[in-house]
Structure formats: structure tokens, C-alpha cells
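Starting from the structure of chain D, add chain Z where the hints point.
Those protein sequences? They're chains D and Z, same order as listed.
When we follow the working numbering, the leftmost residue of the first sequence carries the number 21, and every step to the right adds one.
When we follow the working numbering, the leftmost residue of the second sequence carries the number 42, and every step to the right adds one.
It is worth saying that the hints were derived from the structure and are not from the lab.
Backbone N, C-alpha and C fix where the C-beta goes; we use that ideal spot for every residue, glycine too.
One should not assume that every hint holds.
Quick list of in silico lysine to any residue cross-link-like pairs, SDA-like style, CA-CA up to 20 Å [what the hints assert, rightly or not]:
| # | chain 1 | residue 1 | chain 2 | residue 2 |
| --- | --- | --- | --- | --- |
| 1 | D | 22 | Z | 93 |
| 2 | D | 22 | Z | 63 |
| 3 | D | 22 | Z | 59 |
| 4 | D | 22 | Z | 101 |
| 5 | D | 22 | Z | 122 |
| 6 | D | 22 | Z | 66 |
| 7 | D | 22 | D | 81 |
| 8 | D | 22 | D | 94 |
| 9 | D | 22 | Z | 90 |
| 10 | D | 22 | Z | 86 |
| 11 | D | 22 | Z | 97 |
| 12 | D | 22 | D | 88 |
| 13 | D | 22 | D | 85 |
| 14 | D | 22 | Z | 87 |
| 15 | D | 22 | Z | 52 |
Computed from the model, here is a short list of chain Z residues facing chain D with C-beta under 10 Å [what the hints assert, rightly or not]:
| # | residue |
| --- | --- |
| 16 | 55 |
| 17 | 59 |
| 18 | 82 |
| 19 | 99 |
| 20 | 106 |
| 21 | 128 |
| 22 | 141 |
| 23 | 167 |
| 24 | 179 |
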Amino acid sequence: MKANLAAFASGLVFAIGLCIGGMTPPSKVVGFLDFTGQWDASLAFVMGGAVAVYAAIYPLARRRVSPLFVPAFSIPSRNDLDGGLIAGAALFGVGWGLGGFCPGPAITSLAWIGAPVITFVIAMCAGMYFHASISAAARGRSPRTTAVPPAMVDA
Amino acid sequence: MHNFTPIASLAGGILIGLSAAAMLWFDGKIAGVSGIVAGILRPVRNDWQWRACFVGGLVAGGFIMRLVEPSAYAFTIPRSSGAIIVAGLAVGFGTRLGNGCTSGHGVCGVSRLSARSIVATGTFLVTGAVTVFVINHVFGGSL
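Next comes chain D alone, as it looks inside the complex:
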């Protein structure tokens, strides 16, 4: 219960940060990615601020035996650079530049109930589900019965 409340509150603050920071309007994102044109560097400040705060708190959190509301940390431990990582990130970047949305701002923008963002989120979920189906088929199982999906913990 406490863990779920903390997740809700974190999501809420995250969304407010995205809006204030300027991550939600796709045109602002495209302006940030337009390095050779009239580059709007604002979003570099979003990333800089977020990284500075998280990098400061991360080592303090990891010094704890466990998180406050759950028994254990779920932190990815992989360090290998595989083709899937690079191909996936490359494809994500193309979609990000094309639509101006990454996943967090797209979900947050659902609050504005506009047709483009609803279309985008449905297509994004379809893309995620498509990937889950392919990787499950590769393992010879259906996506619904996969017990512990290795890709569940991000980054």
C-alpha cells in the first residue's frame, strides 16, 4: 500500500517536472533535437538537473540495506553492449524525432485528451506488445505465461 502510494506520488511529481521542464510539447522536443537549425538547448537543462539530483541521491540510497517500503532493490546489473540495445535505442530516437514524444511525456499528455497523443500512446503500446510477442515466440512461449521477463527491469 505504502509502496503504491509512493509510486503514485512519484509519478505525479515526475509529470509536473516534465511539464514545467518543457518535455511535453512535441514542438519543443523537435526544437531541442534540431542541432543544425535554431537549436533550443532548454531540454539539456532538464536532463542536467535530473541527472545531478539523481546522481547525488543514488549512492545514498544504495548504501541502505533495502528500500523503505519493499524488501529489495530492483536495479539492472547488465554491463554488456549488445546489438539489441543499440538498434532499439536507434529506433526509439527515430520515433522520438518523428513524433516529438518519448514515453513519459506522452502518458502525461493524455491529460489533455487530444487525438494525436491518444493515437501515439496506442501505437506505442502496440509496439511494446509486438516486441513482447516476438521475444516470447523466440523463447517458445506465449507473452502472457512468461514468468520473469528478463527485459522487465529497465536500463
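Here is chain Z on its own, set in the frame of chain D:
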């Protein structure tokens, strides 16, 4: 066109960093939105509730900002429905194949100096910039 907003963007970034740090401190989780959403689409017993709460918080935060500033965060972009659908599919499939997006790799992963996240972040920034360059210079800014 948008104005350069370093102060607001830095403030927003600090809030995002605090929120992601709270996910780690309280729930022991990486605040990676693509992974959180994917775990709802393909639910695992007792591991989807916190994800649904985080996503609910994102939408609730959006509604709060909508009440505060009804038009400030409106999304206008010269893209057709077809382009939006292709973009969504690419973002959905790409973030799963690459195990993360701007939040999981770009914020959490880069902060903890994960080699995978640093490579992923560099990659999606470059392909995003190339995509915008092509749209602006080959297709005249709309698609």
C-alpha cells in the same frame, strides 16, 4: 517556435530527479517509464500494481498542470496521423528492444554511469537529431 527556458527546464529536471530518486528510495525501482508501462501490458502477479500507480500519477500530474496552465503545454506538431502512428510504434518497439527510454537510460542510467545507458542515450540523441534534420531539410518541416 519555443523560447529558450533554462530556469524552468532546470527546475523541471530537478523535480524529475527527485521523483526518480523517491522511486529508488521508497520502492527500490528504476523510474523508467517505458519499462513501467511494458510491465502493465504484460502483467506479472504482484508486480503490476506499483506500475499502474506510477502511470496513474503521471496522468494525474498532467491533469493538475492542465488546471494550472490550460494551454501552456499543448502539443502542436506538423505531423500526419500516419507519422504519429509510425512514431508510436518505433518508440514502443525501440524502447523494449533497447531496454529503456529517456527516463530509464537518460536520467537513471546515465546518473549511475551505466555503460549501456550512456551508449543508448548517445544513440537515441543522434538518431533523433538525424530524423529531425531529415524532416526539416528533405520534407520541409512536416511529414
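Taking the closest Cβ pair, is residue 55/Z under 10 Å from chain D? Hint holds; residue 55/Z Cβ to chain D Cβ min 4 Å, cut 10 Å.
Is the interface hint for residue 179/Z satisfied, with its Cβ closer than 10 Å to some Cβ of chain D? 13 Å, violated
Are residue 22/D and residue 97/Z close enough, with their CA atoms no more than 20 Å apart? 15 Å, holds
Below or equal to 20 Å on CA atoms is what counts here, so check residue 22/D against residue 66/Z. Answer holds: residue 22/D to residue 66/Z is near 12 Å, not above 20 Å.
Report holds or violated for the interface hint on residue 128/Z, using the least CB-CB distance to chain D and a cut-off of 10 Å. 3 Å, holds
Keeping to a limit of 20 Å between CA atoms, is the pair of residue 22/D and residue 86/Z held or broken? 18 Å, holds
If you draw a straight line from the CA of residue 22/D to the CA of residue 63/Z, is it 20 Å or shorter? The hint holds at about 12 Å.
Need the status of pair residue 22/D, residue 93/Z: alpha-carbon distance at most 20 Å? 14 Å, holds
Against chain D, is residue 106/Z within 10 Å by beta-carbon distance? Holds, because the Cβ-Cβ distance from residue 106/Z to chain D comes to roughly 4 Å (cut-off 10 Å).
Given the hint that residue 22/D pairs with residue 94/D, does the C-alpha gap stay at or below 20 Å? Roughly 17 Å separates the two Cα atoms, so the pair holds.
Given residue 82/Z as an interface hint, is the shortest Cβ-Cβ distance to chain D below 10 Å? Where the cut-off is 10 Å and the nearest Cβ of chain D is about 5 Å from residue 82/Z, the hint holds.
Can you confirm whether the C-alpha distance between residue 22/D and residue 59/Z stays at or below 20 Å? 18 Å, holds
In this structure, the hints that do not hold are numbers 5, 15 and 24, in rising order.
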